[in-house]
Amino acid sequence: MTQIISLIQAAVVFGTVILFGAVGEILAEKSGNLNLGVPGIMYLGGIAGLIASFLYEGNAANPLPGVAVAITLLAAFVAAMLGGLIYAVLTITLRANQNVTGLTLTIFGGGFANLFGGTLNKMAGGVGQISVALTSGAFRTTIPFLSGLGAVGKILFSYGFMAYLAVALAFLVSWFLNKTSVGLNLRSVGENPATADAAGISVTKYKYLATCIGAGISGLGGLYYTMDYIKGTWSTDGSIEKLGWLAVALVIFATWKPRRSIWGAYLFGALFWLFFYIPGLTRSSQEIFKMLPYVVTLFVLIMVALRRKREDQPPRSLGVAYFREER
Amino acid sequence: MESSIAIRMVNITKTFGEVVANDKVCLDIQRGEILSLLGENGSGKTTLMNMLAGIYFPDSGEITINGNPVTIASPKDAFDLHIGMIHQHFKLVDVLTAAENIILGLNETTVVDLKRVREAVKQICDRYGFVVDPNKKVYDMSVSEKQTLEIVKVLYRGADILILDEPTAVLTPQETQKLFCVMRNMKADGKSIIIITHKLHEVMEISDRVAVLRKGHYIGDVPTAETNAQKLTEMMVGRAVSLDIERSEPVNRTARLVVNNLNVCDKDGVNRLTDVQFTAYSGEILGVAGISGSGQKELLEAIAGLQNCRDCSSIEFISEKGEKKQLSGMHPIDIKRLGVALAFVPEDRLGMGLVGSMNLTDNMMLRSYREGKGPVANRKKPKKLAETVVRDLEVVTPGLNTPVRRLSGGNVQKVLVGREISMEPQLLMSAYAVRGLDINTSYNIYHLLSEQKKRGAAVIFVGEDLDVLLELCDRIMVLCAGRVNDIVDARATTKDEVGYLMTYLKEGGKDRE
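Going line by line, the protein sequences match chains A and B.
1 is the number of the first residue of the first sequence in the numbering used here; add one for each residue after it.
1 is the number of the first residue of the second sequence in the numbering used here; add one for each residue after it.
Since the hints were made in silico from the structure, they are not lab data.
A hint or two may mislead.
If the Cβ cut is set under 8 Å, some of the chain A residues that face chain B in the computed set are [as the list claims (entries may be wrong)]:
1) L184
2) N185
3) T195
4) G200
The list that follows gives simulated cross-link-like pairs (lysine-lysine, BS3-like), each with its CA atoms no further than 25 Å apart [claimed, not checked]:
5) K257(A) - K136(B)
6) K136(B) - K309(A)
7) K178(B) - K199(B)
8) K146(B) - K115(B)
9) K122(B) - K179(A)
10) K115(B) - K257(A)
11) K290(A) - K231(A)
12) K179(A) - K146(B)
Treat the numbers as computed from the prediction; the structure is a model and nothing was measured.
Glycine included, each C-beta is placed from N, C-alpha and C at the ideal position.
Hey, can you work out the whole structure from these sequences and the hints?
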């Protein structure tokens with residue numbers, strides 16, 4: 001029993017990281033922008049949050065947890081949005097190839113973050129490992145009473161606020177896309193920009209906003225990883241990149257539906273940590289289990305291809321730049 | 001008189017790079033009239049209308065609406081001025097429902113209120129005699145349903161001036177009549193309608209006035225009642241053009257292609273062709289008529305080796321020397337290796353026929369890239385061929401290195417037909433060869449096909465314009481729901497008979513030849 005609860009907890013924490021990434025990416029992809037820079041953007045969000053909290057904790061005379069959280073959230077969101085802006089300028093205004101731009105952004109984000117992460121570790125001195133205990137603590141604060149409610153408390157209420165924020169964002173984006181007029185317009189931009197254009201929708205504006213805000217949301221995944229998952233430290237082992245790719249896979253797994261990505265994220269998390277709870281695995285056989293999320297994504301791709309349901313397909317003009325006077 | 005003018009365009013000029021699409025065009029549109037805008041491909045009709053719809057912005061000139069000068073910088077401006085355009089290529093989002101497409105971009109309410117939209121749509125439908133299911137997804141709709149939806153969409157936006165760009169190009173005769181009926185209702189309601197079309201008999205039937213453009217210049221306008229097809233063609237082309245298709249008697253008529261028991265089913269296992277049986281003869285044009293989607297595409301593709309036929313099917317090719325060759329179940333390459341000179345002008349020109357982003361020479365090579373020494377392709381011959389095609393068929397292109405996608409529809413088709421007939425085919429198949437082409441180019445294509453027939457090729461011509469089928473072909477095979485309903489003598493039959501055969505499957509449907 002404790003094993004199962006512990007697996008669920010691990011799955012939720014893991015899932016939250018990629019849920020942020022996937023929800024942001026869904027928003028961007030719905031505008032027709034296939035942003036493969038998600039790992040890089042998550043890196044940017046993570047490092048910007050860490051830098052902000054490090055500077056705040058180090059310089060403020062009397063650092064307050066609430067202020068620290070607000071500053072790091074803002075820093076992470078803005079930095080990730082700037083990453084998205086680089087992508088947007090290149091692909092929307094300059095009409096560069098989306099795949100190449102996205103992959104470049106991933107490499108850039110990883111390099112940028114690890115450079116500053118390494119610097120931070122040096123600046124922190126001591127054992128050469130940065131730690132922002134105050135901010136991280138605030139991020140990891142659980143709901144006082146509810147989290148003590150035995151198994152239910154552990155499964156549902158033992159997480160920091162960002163785990164709930166991710167779910168709320170997923171519902172919000174889902175509502176926005178499916179119920180609001182602006183969401184309808186955004187979907188049409190990703191499906192058929194020429195049609196949206198003729199209907200008086202500014203394709204450029206929608207693409208820019210969706211890509212940048214989407215990137216901001218994805219970046220929160222990186223922040224959650226640094227602040228909650230690895231408790232306010234930095235490691236240059238490239239694990240954010242791995243999670244970033246899983247977020248991209250999750251978008252496909254969820255067939256571009258934010259609500260489906262919620263349980264998808266937790267499923268990925270459970271599959272990822274499953275090896276830990278299966279006795280008798282060696283180092284090498286563990287790796288086979290770590291492959292499971294990708295196998296499941298492949299399986300979903302095959303199912304979607306076989307069923308050929310139009311609603312489950314990627315946005316029609318995904319990956320294609322729009323130019324009004326092109327023939 | 002002045003007050004009845006809805007739109008006045010004065011000295012409109014629009015250039016794309018060095019190409020002048022519209023040169024000082026002046027055009028008036030009256031309230032409550034149907035105006036036909038006529039012109040060859042590339043004469044600037046669509047460009048001119050796109051400037052009213054806010055897709056393009058004029059370089060110079062003035063537009064006044066109801067006497068007030070206006071600036072139309074975006075489609076939104078056009079809606080605000082009550083101008084709505086139905087584009088030739090529908091502007092609809094496939095995965096959305098009709099109602100969602102209608103309110104696209106309007107942002108009337110923060111949260112979409114589909115119930116209200118459905119009611120408004122129903123009102124519009126009742127008023128003009130449309131049928132639209134607001135909950136139907138666009139990908140489930142037929143072409144004519146999509147078009148109706150486009151019209152409802154602009155009416156919902158309060159359009160008083162409707163622009164229809166070649167609305168009948170994809171409709172059956174019956175659907176066209178329905179559309180015309182709706183257009184007359186809208187006219188009676190005081191709306192102004194501009195229709196762009198190539199089909200002269202439709203111009204004569206539906207419009208009150210005709211305005212003609214030629215090479216970006218405004219030639220003039222005439223009340224429809226005071227003109228005729230011949231005069232209009234002369235205005236369009238700038239010189240007298242014969243509207244008669246020369247049809248010679250078939251000579252040296254021998255069986256070239258014998259099709260028996262042809263059965264083709266699609267991916268879902270539904271039969272697209274059932275027990276098709278016919279013979280195509282050398283020196284004749286066999287027309288194929290039918291409502292779109294009756295199996296025309298599958299028939300041609302089966303013969304070309306692009307569709308899997310059921311095992312019982314037999315497609316026998318008989319060469320000039322009398323050798324019989326079975327094509328059923330063969331790959332296009334095998335067919336070519338057999339020495340069968342088979343030319344195919346598919347309906348999807350830039351998808352199946354040509355590669356849009358490649359230039360003229362490279363597109364010629366698609367037929368001959370296997371020639372040449374070792375791994376190196378021979379580029380000299382295709383280049384010469386491209387030069388010949390450009391010269392002989394009067395293809396308008398900046399050069400041989402232009403991607404074919406940049407050419408106009410008519411020129412694209414000339415390149416394709418030119419390549420296909422250059423191989424001196426014994427069997428030439430064409431599907432909707434003149435779709436979207438202007439009159440002059442269409443007649444050029446008819447002429448080219450007739451020449452192939454005289455040369456001794458068997459020509460299979462899938463067409464949609466019954467008038468043309470009756471004038472051009474020697475025999476007409478009518479397909480109905482994937483079966484050959486009948487094969488009639490084109491010289492003896494009537495439009496009504498063919499139209500009837502297209503829609504009603506005969507009992508048994510087997511008594512032929």
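Item to check | List of violated hint numbers, smallest to largest | outcome: Checked against the structure, no hint fails, so every one of them is satisfied.
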